[in-house]
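Trainee: Listed here are the chains, written in short residue letters.
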Amino acid sequence: MPGVLDYDNVTKDYGGAWSKRRVRALDSFSLSLERGEIFGFLGPNGAGKTTAIHLALGFMRPSAGEGRLLGRAFGDAGTRARVGFLAENVALYHRPANKLLRFYGALNGMRPERLRLRSREVLRQVDLATEADRNVAKFSRGMQQRVGLAQALMNDPELLILDEPTSALDPLARVAMRELLLEANRAGKTIFLSSHLLSEIEMICHRVAILDKGRLVKVGKTDELLVSRDRFEVVARGVPEGSFEHSQTQDGRTEFVVPAVSQRDALERVWSLGGEVLSVNPVRRTLEQVFVELTNKGDDV
Amino acid sequence: MKAVALIAANFLREHRWPVLILFAWIVLTALAAGGFGRDRVVGEDVVFYVQQQAIYICIFSAFLAADAIHNERKSRRILLVLSKAISRGEYLLAVILGTCTMAIAYTLVFGLCGVWLTARAALPSGQLWSVVVLVMAGSVIAATVAMFFSTFLNPYVATALTLALFCAPGATHVQRHAWSIWLPGLPILVDVLHFNFRPDWTVNWFAAVLAIVEAAIVWMLAAAVFNRRDIAVPVE
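These protein sequence lines map, in sequence, to chains G and Y.
All residue numbers for the first sequence refer to our numbering, where the first residue is 1 and numbers rise by one.
All residue numbers for the second sequence refer to our numbering, where the first residue is 1001 and numbers rise by one.
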């Protein structure tokens, strides 16, 4: 069954075929988004995240491979009426916020009555209802970003593609944006979220893909990615202090981390010392740790 | 088509200041040609005014159309517009529509100023409206050709190429040949440059219709080229 957004072995090169400055932005990139998920798209600067998004929206063509957006080939204009897009460093026409939203909505074929209703609704959602008649040129960067999100929501899209949506927002606005995205997801929207804010991705995304130098280095469920399979945290009771390297003892409970290969030896040692094993769990890392590890190593999937 | 009209209207709105300045320019040059208090205006001055403004309007249309895509890409505003249910061809059609609407408004102001001048020079103004229609057709083909070049070239190069395409055949006198009527814009240019308020001056209406047909063909070519362009790549 086709996904909401599918990349099938997509490669994108910048520069002409004979150019000396030819750069490969995406290299045999394959990915599939499932309906109803929030998908985090991560990667260092220049990894190819924005290129992948622009290909999906038909702003550029792949050098090789192909992709489908909501079941249709990339670049199909009609399909884009079912998608909401927020660009990185959003650039808006200098018009009052409500008129601007109606303009973008009308480009997707929305009727006047619905435009009026939706523009009011989405401005309220992004907390700009009181600024509806103000020209967006007079807005702060963060407010413009929120107008950008509002225009992406105007057509009540099935798929939201957001490129760094929180980059210009203050912490409170970030929390509000997060809530908004979760609400949109509960309403059945699929969200493709590219961001540098790893903590945010960690909090809201069901699945995550990490891109490095145009190649997909990891993709999987967020929870599974954060769980280490090669290190375990052991909690024991009744073990003499200092029995294990780097262990911490408090109120008779000793905690230490062991590599997966020495897990059995460590447990047997606890028992031989007369202790009791309380729990053994895989070490949980932060997304930042996973990200740094993967993008430094450049491992393949 | 509604989306095309909306983008065109937005394009007009974005360019309202240069257009207003050009309107002021037409009126001021008409006043200058009108002699500021001279009792009567010389016929040659009116002919010069009409020919000069007619050419300016076509050049202005070419310049405006050539710059449109570049500006939108540079400001990155094109991304949100083309993320909607708009095809590249419709987007280009909107740019042409916007440019031509401006050119038509510009031409109408030029026509009104021309009528005032012909009245002061005691010349018949009927032929002037034929020139106005020719200029409108000339603007459409100039804007479309310039936009076609701008889909793959820098806007300044696109404008220069457009002007060369329209002017070079005239400079080499190919207009003497019957086949020259098929060269885009050339028959219109020749008609305007021969305009003289005399009864023997006639308009080649076929050339005006041909210019519109050619503009439609060039638009289709431009859409085919623009479809293959990476619009998200930053322009210099």
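Calculated from the structure, these hints are not laboratory results.
Hints should not be assumed to be uniformly reliable.
[Said to hold, decoys possible] Calculated lysine to aspartate or glutamate pairs in the DMTMM-like style (CA-CA distance at most 20 Å, straight line):
| # | chain 1 | residue 1 | chain 2 | residue 2 |
| --- | --- | --- | --- | --- |
| 1 | G | Lys221 | G | Asp76 |
| 2 | Y | Lys1002 | Y | Asp1045 |
| 3 | G | Lys99 | Y | Asp1230 |
| 4 | Y | Lys1002 | Y | Glu1014 |
| 5 | G | Lys213 | G | Glu164 |
| 6 | G | Lys138 | Y | Glu1014 |
| 7 | G | Lys20 | Y | Asp1230 |
| 8 | G | Lys218 | G | Glu200 |
| 9 | G | Lys218 | G | Glu293 |
| 10 | G | Lys221 | G | Glu293 |
| 11 | G | Lys138 | G | Asp127 |
| 12 | G | Lys218 | G | Glu245 |
| 13 | G | Lys99 | G | Asp76 |
| 14 | G | Lys221 | G | Glu202 |
| 15 | Y | Lys1002 | G | Glu164 |
| 16 | Y | Lys1002 | G | Asp76 |
| 17 | G | Lys213 | G | Glu288 |
| 18 | Y | Lys1074 | G | Glu88 |
[As the list claims (entries may be wrong)] Derived, one-sided and incomplete: chain G residues facing chain Y with beta-carbon distance under 8 Å:
| # | residue |
| --- | --- |
| 19 | Met60 |
| 20 | Ala87 |
| 21 | Pro96 |
| 22 | Phe256 |
From the three backbone atoms N, C-alpha and C, an ideal C-beta is built for every residue, glycine too.
Trainee: So, for every hint listed, does it hold in this structure?
Mentor: Evaluation of the provided hints:
Taking the CA atoms of lysine 221 of chain G and aspartate 76 of chain G, the gap is near 30 Å; set against the 20 Å cutoff, the hint is violated. The suggested pairing of lysine 1002 of chain Y with aspartate 1045 of chain Y is violated, with an alpha-carbon distance near 43 Å, which exceeds 20 Å. Distance restraint check for lysine 99 of chain G and aspartate 1230 of chain Y: the Cα-Cα separation of roughly 29 Å exceeds the 20 Å cut-off, and the hinted pair is therefore not satisfied. For the hint linking lysine 1002 of chain Y to glutamate 1014 of chain Y, the alpha-carbon distance of about 18 Å falls within 20 Å, and the restraint holds.
In summary, the hint linking lysine 213 of chain G to glutamate 164 of chain G is supported, as the alpha carbons are separated by about 18 Å, within the 20 Å threshold. The hinted pair formed by lysine 138 of chain G and glutamate 1014 of chain Y meets the criterion: a straight-line CA distance of about 16 Å does not exceed 20 Å. Restraint check for lysine 20 of chain G and aspartate 1230 of chain Y: satisfied, since their Cα atoms lie roughly 18 Å apart, inside the 20 Å limit. As the CA atoms of lysine 218 of chain G and glutamate 200 of chain G are separated by approximately 18 Å, the hinted pair is consistent with the 20 Å bound.
A C-alpha spacing of about 11 Å is found between lysine 218 of chain G and glutamate 293 of chain G, which places the hinted pair at or below 20 Å, so the restraint holds. Our distance criterion of 20 Å between C-alpha atoms is met by lysine 221 of chain G and glutamate 293 of chain G, whose separation comes to about 17 Å. A threshold of 20 Å between alpha carbons decides the hint, and for lysine 138 of chain G with aspartate 127 of chain G the separation of about 16 Å falls inside it, so the pair holds. Only pairs whose Cα atoms come within 20 Å are accepted, and lysine 218 of chain G paired with glutamate 245 of chain G is rejected, the gap being roughly 32 Å.
About 26 Å separates the Cα atoms of lysine 99 of chain G and aspartate 76 of chain G, which puts this hinted pair outside 20 Å; it is violated. Between the alpha carbons of lysine 221 of chain G and glutamate 202 of chain G the distance comes to roughly 10 Å, so the proposed pair stays at or under 20 Å and holds. Pair hint lysine 1002 of chain Y plus glutamate 164 of chain G does not hold up; C-alpha atoms about 31 Å apart against a cutoff of 20 Å. Proposed proximity of lysine 1002 of chain Y and aspartate 76 of chain G is supported: the alpha carbons are some 19 Å apart, at most 20 Å.
Between the alpha carbons of lysine 213 of chain G and glutamate 288 of chain G the distance comes to roughly 18 Å, so the proposed pair stays at or under 20 Å and holds. Straight-line distance between C-alpha atoms of lysine 1074 of chain Y and glutamate 88 of chain G comes to about 14 Å, which keeps the hinted pair within the 20 Å bound. Evaluation of the methionine 60 of chain G hint against chain Y yields a held restraint, the C-beta minimum of about 4 Å falling below 8 Å. The restraint placing alanine 87 of chain G at the interface with chain Y holds, with a minimum CB-CB distance near 5 Å, inside the 8 Å limit.
Interface hint status for proline 96 of chain G: violated, as the beta-carbon distance to the closest one in chain Y is roughly 12 Å, over 8 Å. The interface hint given for phenylalanine 256 of chain G is broken, as the beta carbon of that residue sits about 51 Å from the closest beta carbon of chain Y, more than 8 Å.
Hint compliance for this structure: hints 1, 2, 3, 12, 13, 15, 21 and 22 are not met, and every other hint is.
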